[in-house]
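Let's have the full structure, built from the sequences with the hints guiding it.
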Amino acid sequence: MKVTIDGQEIEVEAGTTILQAARMIGGEVVPPAMCYYSKLKGSGGKCRCCLVDVTKGSDADPRPMPKLMASCVTGCQDGMEIASKASPRVQEARKAVTEFLLINHPLDCPICDQAGECDLQNLSFEHGKSESRFIEEKRTFEPEDIGPHIQLHMNRCILCQRCVQVADQLTDDRVHGVLDRGDHANISTYISKAIDNEFSGNMIDVCPVGALTDKTFRFKSRVWFNKPYNAHRECTTPGCCGKTTVWMFGNEIQRVTGRKDEFHEVEEFICNTCRFDKKEVTDWVIEGPREFEKDSVINQNNYTQKLEKVEIATEKNILLGRDQDRKKISMAANPLDTNTKKS
Amino acid sequence: MSQKILLDKINIPGIKTYEVYRQNGGYASVEKALKTLTPDEVVEEVKTSGLRGRGGAGFPAGMKWSFIDKKSGKPRHLVCNADESEPGTFKDRYLMEFIPHLLIEGMITSSYALGANLSYIYIRGEYMWVFKILERAIAEAKAAGFLGKNILGSGFDLELHVHCGAGAYICGEETALIESLEGKRGNPRIKPPFPAVSGLWANPTVVNNVETIAAVPWIVNNSGADYAKIGIGRSTGTKLISASGHIKNPGVYEIELGLSVYEFMNSDEYLGGMSSDRPLKAFVPGGSSVPVLPAHLIYKTAAGEDRLMSYESLSDGGFATGSMLGSGGFIVYNDTSCIVRNTWNFSRFYHHESCGQCTPCREGTGWMEKVLHRIENGHGREEDIELLLSIQSKIEGNTICPLGDAAAWPVAAAIRHFREEFEYHIRFPEKIKNRDHFVAEPFEKVKHLVSKVIV
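These protein sequence lines are chains S and W, in that order.
Just so we're aligned, residue 1 is where the first sequence starts under full-length UniProt numbering, counting upward by one.
Just so we're aligned, residue 1 is where the second sequence starts under full-length UniProt numbering, counting upward by one.
Do not rely on the hints blindly, as some may be mistaken.
What the hints assert, rightly or not - In silico contact screen, one side only, chain W against chain S (beta carbon under 7 Å); selected entries:
{"hint": "1", "residue": "22"}
{"hint": "2", "residue": "203"}
{"hint": "3", "residue": "356"}
{"hint": "4", "residue": "359"}
{"hint": "5", "residue": "360"}
{"hint": "6", "residue": "402"}
As the list claims (entries may be wrong) - Just so you have them, the derived chain W footprint on chain S, three or more residues with Cβ under 8 Å:
{"hint": "7", "segment": "46 to 55"}
{"hint": "8", "segment": "67 to 79"}
{"hint": "9", "segment": "124 to 136"}
{"hint": "10", "segment": "175 to 183"}
{"hint": "11", "segment": "252 to 266"}
Just so you know, these hints were derived from the structure itself, not from any lab.
Being a predicted model, the structure only gives us computed values, none of them experimental.
The C-beta atom is built at its ideal place from N, Cα and C for all residues, glycine as well.
Take a look at the structure:
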């Protein structure tokens with residue numbers, strides 16, 4: 001079957017979705033995808049980031065489709081013509097979805113562990129605005145502890161439901177899911193207190209945002225201060241390939257993840273032993289540096305420079321604040337404290 | 001007195017019970033269909049009748065039936081959508097509560113037409129007492145041999161179950177209803193595949209509204225051509241209208257499509273005019289999700305023709321000057337009611353009922369609700385009106401299911417026709433703070449204030 005995306009023709013097999021065809025072409029025509037994950041069955045269609053304009057249905061039925069279609073769940077037809085980045089309508093829709101995703105998102109990138117490898121950051125860099133039109137109070141959730149390995153930040157979640165599909169498809173006992181509905185829909189374990197099975201760590205890898213982060217790596221380092229290396233070990237867990245990326249700072253392994261490809265999808269899923277317990281260099285056979293995207297923030301710390309010490313150039317005593325500010329905040333004159341006098 | 005098809009026997013005492021219903025000609029369509037007609041002939045009759053889906057979208061029912069995949073050899077299902085949750089609509093409840101056997105009869109005949117041996121009625125959780133009425137009616141029909149194995153010796157088997165939802169508007173969307181019926185979270189599925197190919201338990205399924213199915217017995221008893229004679233143009237047959245609001249006689253009415261809106265509003269047979277001497281301000285013809293119309297577009301279309309109660313006439317002029325027949329939830333407002341508050345209320349409903357699956361609806365409905373809440377409470381900003389229009393246009397068409405559109409349309413229509421009222425709320429917050437603003441001062445009296453303010 002022949003499909004044309006933004007003027008570029010490609011020959012695909014029946015059953016290929018538009019997104020897969022676009023990924024075969026590569027480059028600028030690839031729509032962004034926040035919820036679709038090629039390794040997970042039934043994913044996609046939810047985030048609406050990958051909307052495309054089908055300008056010609058097929059050779060048999062050349063009518064254009066009236067609505068924008070989610071490219072990750074729409075199958076290709078022979079002779080289909082699709083406008084992706086070329087269509088202003090599609091650009092408008094992607095901007096709209098980005099704005100919707102961000103209105104209730106905390107925008108706490110400076111303290112978020114995902115920053116630097118976050119799909120939502122990339123999406124808003126590409127399609128977002130610098131200003132928000134949202135002046136309302138953001139929707140928030142009570143924090144919930146979902147176990148010893150994984151930290152859940154529900155406020156950051158965009159409800160792609162990939163983590164639910166991971167638990168469904170990699171394990172036989174899913175204990176978490178989506179509760180409630182509308183903008184209060186949230187990921188929760190509800191009855192069981194902890195997500196505890198050997199493949200639960202993959203939830204962290206599939207999470208496009210910082211909603212699920214690794215507790216063994218939390219606040220240890222920004223991702224761009226780490227160097228990724230391909231590594232492997234003889235893993236005895238059934239179903240685990242033992243092939244990982246280890247993220248190193250000097251000679252210390254700070255984090256272990258699956259090997260992610262250019263679309264930020266892991267090549268193979270790994271077990272929790274590899275991910276959380278094997279943090280010694282001696283545990284691993286290190287194959288060599290892993291490739292990364294040229295424009296990613298990881299490249300800020302590329303291998304041509306030797307990194308020994310991180311220095312942040314700021315004013316001296318910046319954490320103490322300026323003298324005039326300290327006075328304004330007047331921490332000494334606590335009104336509840338009768339012993340201190342007002343200055 | 002116009003012709004009644006659904007409600008003609010509603011006043012017979014005891015029509016709820018099988019005996020009385022049977023004595024009054026009930027279940028005749030089952031006998032006729034099973035003994036003298038083939039399933040395809042029944043489908044053909046329904047096609048000829050031009051019966052359109054009464055749930056809101058108005059898709060021709062016969063056409064929907066003919067799409068069902070009979071070649072695959074998989075078992076087929078008929079599901080009746082009794083999850084009537086549209087604000088302003090209560091016709092199905094009335095039908096099921098007072099003449100439950102009509103629905104059961106329609107289900108048997110329709111299942112026969114589709115070749116379905118296992119059919120369901122999915123009813124909303126709030127209709128618990130109606131659920132019990134239906135259960136009783138099914139037991140009676142089963143005892144009389146109209147359900148179960150080998151109905152009337154024809155060799156056709158049918159099991160009919162009533163399933164109770166748990167109170168979610170989204171479960172009225174057909175694929176969400178199917179998910180809910182399967183015992184899952186009621187999230188709409190991504191289409192295609194359509195239910196006619198892969199619906200309940202991945203089998204071919206038809207989902208129809210209560211009123212659509214209840215119209216089938218009459219069509220079979222008489223003929224599709226007879227049904228097509230009632231009504232006007234492509235709007236054939238009769239329609240139940242749930243009328244509410246500032247009118248003299250609220251309630252459920254069966255009308256022949258093509259009746260003029262003026263006659264429906266003012267004749268004593270129907271609504272009997274406004275409830276007080278306050279004038280008509282606006283009306284919503286088809287439940288909360290369709291656009292609201294201002295007074296000057298109610299009785300006449302923009303082209304100056306009489307507005308009729310039909311699919312075509314109500315949508316005349318598109319969304320600029322028209323609306324939709326929808327599910328027939330006819331809501332009338334007089335000049336004491338505040339359109340901003342009404343829009344906020346609808347918006348709050350959609351925010352509450354959004355399933356949270358896809359981004360534009362999950363985030364957009366909540367945003368619109370918050371902005372409208374601010375405007376209604378006197379904290380609006382001038383740019384909020386444009387903001388609302390922008391949000392709604394970004395939800396519309398970008399969602400998985402029509403709930404996003406349903407949330408977007410009323411907001412767009414309210415601003416389109418009643419923009420000055422929004423401006424009044426924003427510019428004169430002190431006048432609206434007691435929430436009785438239009439009771440003492442109808443908007444017509446204060447309208448001049450809005451135009452004087454130069455922003």
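**Request:** Could you check if residue 203/W really has its C-beta closer than 7 Å to a C-beta on chain S?
**Result:** At 18 Å from the nearest chain S Cβ, residue 203/W fails the 7 Å test, so the hint is violated.
**Request:** Identify whether the interface hint at residue 359/W stands, where standing means a beta carbon of chain S within less than 7 Å of its own.
**Result:** 5 Å, holds
**Item:** Coverage of the segment 46 to 55 of chain S by chain W (three or more Cβ within 8 Å)
**Value:** holds (count 5)
**Prompt:** Are at least 3 residues of the segment 175 to 183 of chain S within less than 8 Å of chain W when you compare beta carbons?
**Reply:** With 6 residues in contact (Cβ-Cβ under 8 Å with chain W), the coverage given for the segment 175 to 183 of chain S holds.
**Message:** Under 8 Å between beta-carbons, do enough residues of the segment 124 to 136 of chain S, three at least, approach chain W for the coverage claim to hold?
**Reply:** holds (count 3)
**Asked** Holds or violated: residue 360/W as interface residue toward chain S, Cβ cutoff 7 Å?
**Response** 6 Å, holds
**Item:** Given coverage of the segment 252 to 266 of chain S by chain W, checked by CB-CB distance under 8 Å (3 or more)
**Value:** Violated - the segment 252 to 266 of chain S has 0 residues with a Cβ nearer than 8 Å to chain W, which falls short of three.
**Message:** Please check whether residue 356/W passes as an interface residue: C-beta within 7 Å of a C-beta belonging to chain S.
**Reply:** 3 Å, holds
**Asked** Does the nearest C-beta of chain S fall within a distance shorter than 7 Å of the C-beta of residue 22/W?
**Response** Nearest chain S Cβ about 43 Å off; hint violated.
**Item:** Within 8 Å of chain W's CB atoms, at least three CB atoms from the segment 67 to 79 of chain S: coverage verdict
**Value:** holds (count 4)
**Message:** Hint residue 402/W vs chain S: min CB-CB distance below 7 Å?
**Reply:** 11 Å, violated
Consistency note: the structure conflicts with the earlier hints numbered 1, 2, 6, 11.
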